[in-house]
Amino acid sequence: MVRYLSTVLALLALCHGVQTGAQTKVSQQPFGKLKDGKAVEIYTLFDGKIEARIMTYGGVIVSLKTPDRAGKMADITLGFYNLAQYLAPNPHFGALIGRYGNRIGKGHLVVAGKAYQLALNNGPNTLHGGTEGFDRKLWTAKAIPNGVELTYVSKDMEENFPGTLTAVVHYTLEGGALKIDYTATTNKETVVNLTNHAYFNLAGEGSGDVLKQEMQISASRFTPVDDGLIPTGELRAVKGTPFDFSKPTAIGAHINDDDDQLKLGHGYDHNFVIDSKGGMTLAAVAHDPASGRVMEVRTTEPGVQFYTGNFLDGTLKGKSGTLYKQRYAFCLETQHFPDSPNKPDFPSTVLKPGHKYHTVTEYKFSAR
Numbered sequence: 000m001v002r003y004l005s006t007v008l009a010l011l012a013l014c015h016g017v018q019t020g021a022q023t024k025v026s027q028q029p030f031g032k033l034k035d036g037k038a039v040e041i042y043t044l045f046d047g048k049i050e051a052r053i054m055t056y057g058g059v060i061v062s063l064k065t066p067d068r069a070g071k072m073a074d075i076t077l078g079f080y081n082l083a084q085y086l087a088p089n090p091h092f093g094a095l096i097g098r099y100g101n102r103i104g105k106g107h108l109v110v111a112g113k114a115y116q117l118a119l120n121n122g123p124n125t126l127h128g129g130t131e132g133f134d135r136k137l138w139t140a141k142a143i144p145n146g147v148e149l150t151y152v153s154k155d156m157e158e159n160f161p162g163t164l165t166a167v168v169h170y171t172l173e174g175g176a177l178k179i180d181y182t183a184t185t186n187k188e189t190v191v192n193l194t195n196h197a198y199f200n201l202a203g204e205g206s207g208d209v210l211k212q213e214m215q216i217s218a219s220r221f222t223p224v225d226d227g228l229i230p231t232g233e234l235r236a237v238k239g240t241p242f243d244f245s246k247p248t249a250i251g252a253h254i255n256d257d258d259d260q261l262k263l264g265h266g267y268d269h270n271f272v273i274d275s276k277g278g279m280t281l282a283a284v285a286h287d288p289a290s291g292r293v294m295e296v297r298t299t300e301p302g303v304q305f306y307t308g309n310f311l312d313g314t315l316k317g318k319s320g321t322l323y324k325q326r327y328a329f330c331l332e333t334q335h336f337p338d339s340p341n342k343p344d345f346p347s348t349v350l351k352p353g354h355k356y357h358t359v360t361e362y363k364f365s366a367r
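Once you know that position 65 of the sequence shown is 64 in numbering that gives the first Met the number 0, the rest is easy, because the numbers rise by one and skip nothing.
If you're looking for bench data, these hints aren't it; they were derived computationally from the structure.
Keep in mind that this is a model prediction, so the values were computed, not measured.
Note that the Cβ used here is the ideal one computed from N, Cα and C, for glycine as well.
Hints may be right or wrong, so weigh each one.
[Unchecked claim] Below, a list of computed lysine to aspartate or glutamate pairs in the DMTMM-like style, where the Cα atoms sit at most 25 Å apart: (1) 34 <-> 148; (2) 342 <-> 40; (3) 342 <-> 259; (4) 355 <-> 155.
[Stated by the list, open to error] DEER-style ranges, computed between Cβ atoms: (5) 159 <-> 355: 21 to 27 Å; (6) 80 <-> 309: 32 to 38 Å; (7) 109 <-> 142: 36 to 42 Å; (8) 347 <-> 263: 22 to 28 Å; (9) 71 <-> 259: 39 to 45 Å; (10) 263 <-> 355: 34 to 40 Å; (11) 355 <-> 240: 33 to 39 Å; (12) 38 <-> 312: 30 to 36 Å; (13) 107 <-> 38: 36 to 42 Å; (14) 28 <-> 319: 35 to 41 Å; (15) 251 <-> 33: 35 to 41 Å; (16) 312 <-> 248: 24 to 30 Å; (17) 107 <-> 277: 44 to 50 Å; (18) 265 <-> 156: 31 to 37 Å.
Throw the hints in and build the complete structure from the sequences for me.
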């Protein structure tokens, strides 16, 4: 009798989608076509509480809906609801970034003793993979348990990076957490640094600036930059500076302080060195006191770029019909350090044939 009741209860739970380990629903819809006629699709992941929508163009997180403390849902990522706006110039909203996330100074690269000159698309530097990084590519997709697998093959010398690189990214949603699992292999020595460029506003996209939202970053050091936002090579202690987020601190508490680094970045646009002993580490916790939403970021990466939307200028109209203005969002881009190929003391981003690049980042959502 007990066994029979257990079976019935399990079946009832399954019908209502509340059983322990319930599988995330994954669905697929068309999202438009590129100029060459190739179809773009969007995958919707729903775990019973959180909804994430992932587009095959650029691997973009088009929307991410989470509940506040009262259970009210809101989309907490900036972006657009139509493909045309993503095809137009935009600041990488929600996209997968590669082959090399963040900046490479003067576009200069030496791999296996050979020099390469990359496109200069950010002043005198290369940013986020060059003129057409992975965020401007159509990825091949297929549904997997709890998510979607995206694959892109970057040919040898694409954007002047050596080696044919095969990148595979798994987006999975389970238990209130969106996990991004990145792998890559190459047929020739190269460099790789993949990340995601989601712009978060825990109060809901288009709701205003994020200056009252709180940030905590597990980093006792950061990498100061020069006037081109390229790391100088120093690992500077955050203690006693506006970069100390060791305790929950309002993003706007010190953002306008008289500090050379804040002036260079027009706010926060810096790599933080995660205090890690290896493996998945809690890198940051963001909290919106008004809605109660909390986002915890865990990663295997050694760094995270904290960016406060300093270059949003009110010219782009987002999903809510709101113009996205300066500091209407923040980014937490898990990564190896910027300009690592030119900084031998930084963790290496070199990938050789026969080896696998593999990193994992998880964004877990709750409310309090």
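Here is what the structure says about each hint:
1. Taken as a hint, the residue 34 and residue 148 pair is honoured in the structure, with Cα atoms around 24 Å apart against an allowance of 25 Å.
2. Pair hint residue 342 plus residue 40 does not hold up; C-alpha atoms about 39 Å apart against a cutoff of 25 Å.
3. Simply put, residue 342 and residue 259 have alpha-carbon atoms about 22 Å apart, close enough for the 25 Å limit, and the pair holds.
4. With a C-alpha separation of about 17 Å, the suggested pairing of residue 355 with residue 155 holds against the 25 Å cut-off.
5. Between residue 159 and residue 355, the C-beta spacing of about 23 Å keeps the proposed range 21 to 27 Å intact.
6. One distance hint, 32 to 38 Å for the beta-carbon pair residue 80 and residue 309, is violated here, with the actual separation near 25 Å.
7. Taken as a hint, the range 36 to 42 Å holds for the pair residue 109 and residue 142, whose Cβ atoms sit roughly 41 Å apart.
8. Taking the beta carbon of each, residue 347 and residue 263 are about 26 Å apart, inside 22 to 28 Å as hinted.
9. A hinted range of 39 to 45 Å for the beta carbons of residue 71 and residue 259 is consistent with their spacing of about 41 Å.
10. For residue 263 paired with residue 355, a C-beta distance near 36 Å keeps the hint of 34 to 40 Å intact.
11. Distance hint for residue 355 and residue 240: a CB-CB separation of about 37 Å, consistent with the stated range 33 to 39 Å.
12. Look at residue 38 against residue 312: about 32 Å separates their beta carbons, and that is inside 30 to 36 Å.
13. Range check, residue 107 to residue 38: Cβ separation about 38 Å, and the 36 to 42 Å hint holds.
14. The hinted range of 35 to 41 Å is not satisfied by residue 28 and residue 319, whose Cβ atoms lie roughly 21 Å apart.
15. For the hinted restraint 35 to 41 Å between residue 251 and residue 33, the CB-CB distance of approximately 39 Å keeps it satisfied.
16. Between residue 312 and residue 248 the C-beta distance comes to about 26 Å, which sits within the given range of 24 to 30 Å.
17. For residue 107 paired with residue 277, a C-beta distance near 30 Å fails the hint of 44 to 50 Å.
18. About 34 Å separates the C-beta atoms of residue 265 and residue 156, a value consistent with the hinted range of 31 to 37 Å.
Checked against the numbered hints above, the structure violates hints 2, 6, 14, 17; every other hint is satisfied.
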